[in-house]
Amino acid sequence: MGTIEVEANQTAGELDTVNGRVSIGAGAATGDVATVNGRIEAGDGARTGSMETVNGRIELGHDVQAGSLETVNGRIRTGERARIGGDVETVNGGIFIDRGSRVDGDVESVNGAVGLVATEVTGDIEMVHADLTVGVGSHVHGTVRYHKPKSGFSFGKRRVPRVVIGPGARVDGALVFEHEVELHVHETAAIGPVTGATAQRYSGDRAPGTD
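Under my numbering, the first residue of the sequence shown is numbered 1, with each subsequent residue one higher.
It should be emphasised that the hints constitute simulated quantities derived from the structure, not laboratory data.
There is no bait here: all hints are sound.
SDA-like cross-link-like pairs, simulated, lysine to any residue; straight-line CA separation at most 20 Å:
{"no.": "1", "residue 1": "K148", "residue 2": "P193"}
{"no.": "2", "residue 1": "K150", "residue 2": "P161"}
{"no.": "3", "residue 1": "K148", "residue 2": "D131"}
{"no.": "4", "residue 1": "K148", "residue 2": "D106"}
{"no.": "5", "residue 1": "K150", "residue 2": "D131"}
{"no.": "6", "residue 1": "K150", "residue 2": "V128"}
{"no.": "7", "residue 1": "K148", "residue 2": "E178"}
{"no.": "8", "residue 1": "K148", "residue 2": "V110"}
{"no.": "9", "residue 1": "K150", "residue 2": "N73"}
{"no.": "10", "residue 1": "K148", "residue 2": "A197"}
{"no.": "11", "residue 1": "K148", "residue 2": "G94"}
Here the structure is a predicted model, which means the values were calculated and not measured.
With the sequences and hints as input, model every part of the structure.
Okay, structure coming up:
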(Lines of atoms letter the chains of each structure in order from A and count residues from 1; the text may use other names and numbers.)
(Lines give C-alpha, C1' and ligand atoms only; values in the text may rest on other atoms or scores of the structure.)
Protein backbone atom coordinates (compact mmCIF):
# COMPACT_ATOMS: atom_id res chain seq x y z
CA MET A 1 0.00 0.00 0.00
CA GLY A 2 1.37 3.41 -0.93
CA THR A 3 0.60 6.99 -0.01
CA ILE A 4 -2.37 7.70 2.25
CA GLU A 5 -4.04 11.10 2.26
CA VAL A 6 -6.80 12.29 4.54
CA GLU A 7 -8.40 15.51 3.38
CA ALA A 8 -8.91 18.53 5.62
CA ASN A 9 -11.64 18.19 8.25
CA GLN A 10 -12.29 14.54 7.36
CA THR A 11 -12.42 11.60 9.80
CA ALA A 12 -10.60 8.31 9.37
CA GLY A 13 -9.67 5.27 11.44
CA GLU A 14 -6.22 3.75 11.77
CA LEU A 15 -3.81 4.51 8.90
CA ASP A 16 -1.20 1.87 8.05
CA THR A 17 1.11 1.59 5.06
CA VAL A 18 4.56 0.25 4.20
CA ASN A 19 6.15 2.18 1.33
CA GLY A 20 4.50 5.57 1.29
CA ARG A 21 3.90 8.78 3.13
CA VAL A 22 0.87 9.60 5.25
CA SER A 23 -0.63 13.07 4.90
CA ILE A 24 -3.36 14.26 7.27
CA GLY A 25 -5.10 17.47 6.36
CA ALA A 26 -5.82 20.42 8.62
CA GLY A 27 -8.57 19.74 11.11
CA ALA A 28 -8.80 16.04 10.24
CA ALA A 29 -9.19 13.31 12.86
CA THR A 30 -7.67 9.82 12.65
CA GLY A 31 -6.66 6.85 14.73
CA ASP A 32 -3.11 5.58 15.04
CA VAL A 33 -0.78 6.23 12.09
CA ALA A 34 2.02 3.91 10.96
CA THR A 35 4.34 3.55 7.99
CA VAL A 36 7.73 1.94 7.41
CA ASN A 37 9.33 3.85 4.55
CA GLY A 38 7.71 7.24 4.42
CA ARG A 39 7.09 10.47 6.25
CA ILE A 40 4.05 11.42 8.29
CA GLU A 41 2.57 14.92 8.09
CA ALA A 42 -0.37 16.47 9.94
CA GLY A 43 -1.83 19.89 9.18
CA ASP A 44 -2.91 22.57 11.63
CA GLY A 45 -5.51 21.44 14.16
CA ALA A 46 -5.36 17.75 13.24
CA ARG A 47 -6.15 15.14 15.89
CA THR A 48 -4.58 11.70 15.69
CA GLY A 49 -3.51 8.70 17.70
CA SER A 50 0.10 7.62 17.91
CA MET A 51 2.43 8.16 14.94
CA GLU A 52 5.17 5.69 14.05
CA THR A 53 7.58 5.37 11.13
CA VAL A 54 10.96 3.73 10.62
CA ASN A 55 12.54 5.58 7.70
CA GLY A 56 10.90 8.97 7.54
CA ARG A 57 10.24 12.20 9.36
CA ILE A 58 7.23 13.29 11.39
CA GLU A 59 6.05 16.88 10.92
CA LEU A 60 3.09 18.47 12.70
CA GLY A 61 1.46 21.83 12.10
CA HIS A 62 0.17 24.15 14.80
CA ASP A 63 -2.41 23.07 17.40
CA VAL A 64 -2.08 19.37 16.61
CA GLN A 65 -3.13 16.74 19.15
CA ALA A 66 -1.45 13.35 18.84
CA GLY A 67 -0.41 10.31 20.81
CA SER A 68 3.21 9.20 20.97
CA LEU A 69 5.62 10.11 18.15
CA GLU A 70 8.31 7.60 17.13
CA THR A 71 10.77 7.27 14.26
CA VAL A 72 14.15 5.60 13.80
CA ASN A 73 15.73 7.39 10.84
CA GLY A 74 14.12 10.80 10.61
CA ARG A 75 13.46 14.03 12.44
CA ILE A 76 10.42 14.98 14.50
CA ARG A 77 9.13 18.54 14.40
CA THR A 78 5.97 20.08 15.83
CA GLY A 79 4.39 23.46 15.33
CA GLU A 80 3.19 25.66 18.15
CA ARG A 81 0.79 24.48 20.86
CA ALA A 82 1.16 20.78 20.12
CA ARG A 83 -0.38 18.35 22.60
CA ILE A 84 1.49 15.05 22.57
CA GLY A 85 -0.08 12.35 24.72
CA GLY A 86 2.94 10.05 24.97
CA ASP A 87 6.66 9.73 24.37
CA VAL A 88 8.58 11.47 21.57
CA GLU A 89 11.40 9.20 20.36
CA THR A 90 13.98 9.08 17.57
CA VAL A 91 17.35 7.42 17.02
CA ASN A 92 18.93 9.14 14.00
CA GLY A 93 17.20 12.48 13.69
CA GLY A 94 16.58 15.67 15.59
CA ILE A 95 13.56 16.66 17.66
CA PHE A 96 12.15 20.19 17.76
CA ILE A 97 9.04 21.08 19.76
CA ASP A 98 7.78 24.61 19.32
CA ARG A 99 6.41 27.09 21.84
CA GLY A 100 3.29 26.49 23.87
CA SER A 101 3.50 22.71 23.45
CA ARG A 102 3.15 19.92 26.00
CA VAL A 103 4.52 16.37 25.97
CA ASP A 104 2.85 13.99 28.41
CA GLY A 105 5.73 11.53 28.39
CA ASP A 106 9.47 11.31 27.78
CA VAL A 107 11.61 12.84 25.05
CA GLU A 108 14.34 10.48 23.81
CA SER A 109 17.09 10.76 21.19
CA VAL A 110 20.35 8.96 20.47
CA ASN A 111 22.07 10.76 17.59
CA GLY A 112 19.84 13.76 16.98
CA ALA A 113 19.75 17.17 18.67
CA VAL A 114 16.72 18.06 20.79
CA GLY A 115 15.31 21.58 21.04
CA LEU A 116 12.40 22.78 23.15
CA VAL A 117 10.92 26.30 23.10
CA ALA A 118 8.46 27.25 25.85
CA THR A 119 7.48 23.59 26.05
CA GLU A 120 6.36 21.47 29.01
CA VAL A 121 7.60 17.87 29.29
CA THR A 122 5.96 15.90 32.08
CA GLY A 123 8.47 13.04 31.88
CA ASP A 124 12.23 12.73 31.40
CA ILE A 125 14.68 13.65 28.65
CA GLU A 126 16.95 10.75 27.67
CA MET A 127 19.96 11.44 25.43
CA VAL A 128 23.19 9.80 24.31
CA HIS A 129 25.35 11.73 21.82
CA ALA A 130 23.60 14.87 20.60
CA ASP A 131 23.03 18.45 21.77
CA LEU A 132 20.10 19.46 23.95
CA THR A 133 18.48 22.87 24.35
CA VAL A 134 15.82 23.26 27.00
CA GLY A 135 14.93 26.62 25.60
CA VAL A 136 13.39 29.80 26.97
CA GLY A 137 10.46 29.21 29.29
CA SER A 138 10.49 25.41 28.99
CA HIS A 139 9.69 23.13 31.93
CA VAL A 140 10.90 19.55 32.31
CA HIS A 141 9.22 17.85 35.26
CA GLY A 142 11.51 14.82 35.27
CA THR A 143 15.24 14.25 34.88
CA VAL A 144 17.73 14.97 32.11
CA ARG A 145 20.04 12.01 31.58
CA TYR A 146 22.86 11.41 29.11
CA HIS A 147 23.50 7.68 28.87
CA LYS A 148 26.91 6.18 28.29
CA PRO A 149 27.16 4.82 24.72
CA LYS A 150 26.56 1.07 24.64
CA SER A 151 29.62 0.42 22.49
CA GLY A 152 33.07 1.80 23.26
CA PHE A 153 34.15 1.43 19.61
CA SER A 154 34.08 4.59 17.51
CA PHE A 155 35.60 5.86 14.25
CA GLY A 156 37.49 8.86 15.59
CA LYS A 157 36.68 11.04 18.54
CA ARG A 158 33.10 12.13 19.04
CA ARG A 159 32.21 15.78 19.54
CA VAL A 160 31.30 16.65 23.12
CA PRO A 161 27.53 17.25 23.35
CA ARG A 162 26.35 20.72 24.34
CA VAL A 163 23.55 21.08 26.86
CA VAL A 164 21.88 24.47 27.29
CA ILE A 165 19.21 25.28 29.87
CA GLY A 166 17.92 28.60 28.63
CA PRO A 167 16.38 31.76 30.10
CA GLY A 168 13.53 31.07 32.48
CA ALA A 169 13.72 27.34 31.85
CA ARG A 170 13.24 24.78 34.60
CA VAL A 171 14.30 21.19 35.17
CA ASP A 172 12.74 19.77 38.32
CA GLY A 173 14.69 16.52 38.42
CA ALA A 174 18.38 15.70 38.47
CA LEU A 175 20.73 16.25 35.54
CA VAL A 176 22.82 13.09 35.22
CA PHE A 177 25.70 12.78 32.75
CA GLU A 178 27.39 9.40 32.25
CA HIS A 179 29.93 10.91 29.82
CA GLU A 180 31.43 14.31 29.06
CA VAL A 181 29.18 17.21 28.09
CA GLU A 182 29.32 21.02 28.07
CA LEU A 183 26.58 22.26 30.40
CA HIS A 184 25.45 25.89 30.17
CA VAL A 185 22.70 27.11 32.49
CA HIS A 186 21.17 30.58 32.24
CA GLU A 187 21.25 32.69 35.38
CA THR A 188 17.42 32.79 35.40
CA ALA A 189 17.01 29.02 34.94
CA ALA A 190 16.27 26.58 37.77
CA ILE A 191 17.68 23.05 37.79
CA GLY A 192 17.93 20.04 40.07
CA PRO A 193 21.19 18.46 41.28
CA VAL A 194 23.89 17.84 38.68
CA THR A 195 26.02 14.68 38.49
CA GLY A 196 28.89 14.17 36.05
CA ALA A 197 29.27 17.75 34.79
CA THR A 198 29.90 21.29 36.02
CA ALA A 199 27.19 23.83 35.28
CA GLN A 200 28.51 27.04 33.69
CA ARG A 201 26.17 29.94 34.36
CA TYR A 202 25.63 32.55 31.65
CA SER A 203 23.55 35.67 31.06
CA GLY A 204 22.06 37.23 27.96
CA ASP A 205 20.06 35.56 25.21
CA ARG A 206 22.63 33.00 24.04
CA ALA A 207 25.00 30.59 25.73
CA PRO A 208 28.72 31.20 25.12
CA GLY A 209 29.87 29.84 21.79
CA THR A 210 26.34 29.67 20.33
CA ASP A 211 25.99 31.17 16.87
